[in-house]
Amino acid sequence: ELKVEQNPLFLSMQEGKNYTIYCNYSTTSDRLYWYRQDPGKSLESLFVLLSNGAVKQEGRLMASLDTKARLSTLHITAAVHDLSATYFCAVESSNFGNEKLTFGTGTRLTIIP
Amino acid sequence: DTGVSQNPRHKITKRGQNVTFRCDPISEHNRLYWYRQTLGQGPEFLTYFQNEAQLEKSRLLSDRFSAERPKGSFSTLEIQRTEQGDSAMYLCASNSESNTEAFFGQGTRLTVV
Chain C
1 ELKVEQNPLF LSMQEGKNYT IYCNYSTTSD RLYWYRQDPG KSLESLFVLL
51 SNGAVKQEGR LMASLDTKAR LSTLHITAAV HDLSATYFCA VESSNFGNEK
101 LTFGTGTRLT IIP
Chain G
1 DTGVSQNPRH KITKRGQNVT FRCDPISEHN RLYWYRQTLG QGPEFLTYFQ
51 NEAQLEKSRL LSDRFSAERP KGSFSTLEIQ RTEQGDSAMY LCASNSESNT
101 EAFFGQGTRL TVV
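If you read the protein sequences in the order shown, they are chains C and G.
Heads up, the first sequence is in this note's numbering, so the first residue is 1 and it goes up one at a time.
Heads up, the second sequence is in this note's numbering, so the first residue is 1 and it goes up one at a time.
For the record, the hints were derived by calculation from the structure and aren't laboratory data.
Keep in mind that the hints are not guaranteed to be accurate.
Stated by the list, open to error - Dumping the calculated DSBU-like pairs for lysine-lysine here, alpha-carbon to alpha-carbon at most 30 angstroms: (1) G:K11 / G:K71; (2) C:K3 / G:K57; (3) C:K3 / G:K71; (4) C:K3 / C:K56; (5) C:K17 / G:K71; (6) C:K56 / C:K68; (7) C:K56 / C:K41; (8) G:K71 / C:K41; (9) G:K71 / G:K57; (10) C:K68 / C:K41; (11) C:K17 / C:K41; (12) G:K57 / G:K14; (13) C:K3 / C:K68; (14) C:K17 / G:K14; (15) C:K56 / C:K17.
Unchecked claim - Stretch by stretch, here's where chain C covers chain G in the computed footprint (C-beta under 8 angstroms, at least three residues): (16) 15-29; (17) 49-59; (18) 105-111.
Each residue gets a CB set at the ideal place from its N, CA and C atoms; glycine is no exception.
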């Protein structure tokens with residue numbers, strides 16, 4: 001059974017600082033996703049990582065994937081308050097067309113002014 | 001078509017009542033997924049449809065839960081004899097063979113009182 005672990009679960013950081021969220025998964029996977037979720041809202045897709053060594057950046061967020069280590073990271077650069085949210089990684093397992101996602105427990109990020 | 005649509009957005013029901021939720025996927029998507037997200041957790045896979053066929057059900061989907069996708073377009077998720085433990089956000093997602101990235105709806109938040 002595929003397991004996905006994120007750490008830290010909670011992260012409080014000051015504006016302007018850098019930090020990294022880690023996502024480990026237990027079995028080989030086709031692809032990995034990062035999502036953002038605001039309180040009471042649905043999931044907003046941030047990144048889709050398709051292959052080993054993939055790196056994607058959008059604004060102050062950068063995601064990378066190491067399939068050999070079964071590790072993905074989400075790096076936050078010079079954090080701003082607007083980035084406060086819960087971030088989930090999700091690993092796709094494909095079985096005869098069923099690309100279901102297994103999610104991590106999420107990292108609740110709070111940016112302090 | 002602007003995305004995956006779910007109705008209602010919020011539902012409050014008394015314990016023991018039946019509830020039904022609807023999901024309209026992106027029109028060209030033949031694959032549809034239901035997930036459940038409880039407070040403080042990541043979403044968990046419930047079930048998967050390819051066209052009108054329900055091809056996988058999670059063990060989380062007890063006998064009180066039933067999902068249908070009668071014409072391979074919209075889907076419904078029914079919960080019979082609701083319990084307080086059913087309170088959660090129910091998320092629907094869809095994708096296709098040509099683009100397996102899942103797109104999520106806004107979710108239906110169920111509160112059982």
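Each hint, compared with the structure:
1. G:K11 / G:K71: Answer holds: G:K11 to G:K71 is near 25 angstroms, not above 30 angstroms.
2. C:K3 / G:K57: Since the Cα atoms of C:K3 and G:K57 sit roughly 18 angstroms apart, the hinted pair holds (cutoff 30 angstroms).
3. C:K3 / G:K71: Between C:K3 and G:K71 the Cα gap is close to 34 angstroms, so the pair fails against 30 angstroms, i.e. violated.
4. C:K3 / C:K56: holds, 23 angstroms
5. C:K17 / G:K71: violated, 51 angstroms
6. C:K56 / C:K68: holds, 18 angstroms
7. C:K56 / C:K41: holds, 24 angstroms
8. G:K71 / C:K41: holds, 29 angstroms
9. G:K71 / G:K57: holds, 19 angstroms
10. C:K68 / C:K41: violated, 33 angstroms
11. C:K17 / C:K41: Holds - the C-alpha atoms of C:K41 and C:K17 are around 26 angstroms apart, at most 30 angstroms.
12. G:K57 / G:K14: With a Cα-Cα distance of about 26 angstroms, the restraint between G:K57 and G:K14 holds, given a limit of 30 angstroms.
13. C:K3 / C:K68: Roughly 16 angstroms between the alpha carbons, so the hint for C:K3 and C:K68 holds.
14. C:K17 / G:K14: It is violated: about 46 angstroms lies between the C-alpha atoms, which goes past 30 angstroms.
15. C:K56 / C:K17: holds, 20 angstroms
16. 15-29: This one is violated; 0 residues, fewer than the three required, reach chain C with a Cβ under 8 angstroms.
17. 49-59: holds (count 3)
18. 105-111: Answer holds; 4 residues pass the 8 angstroms Cβ test.
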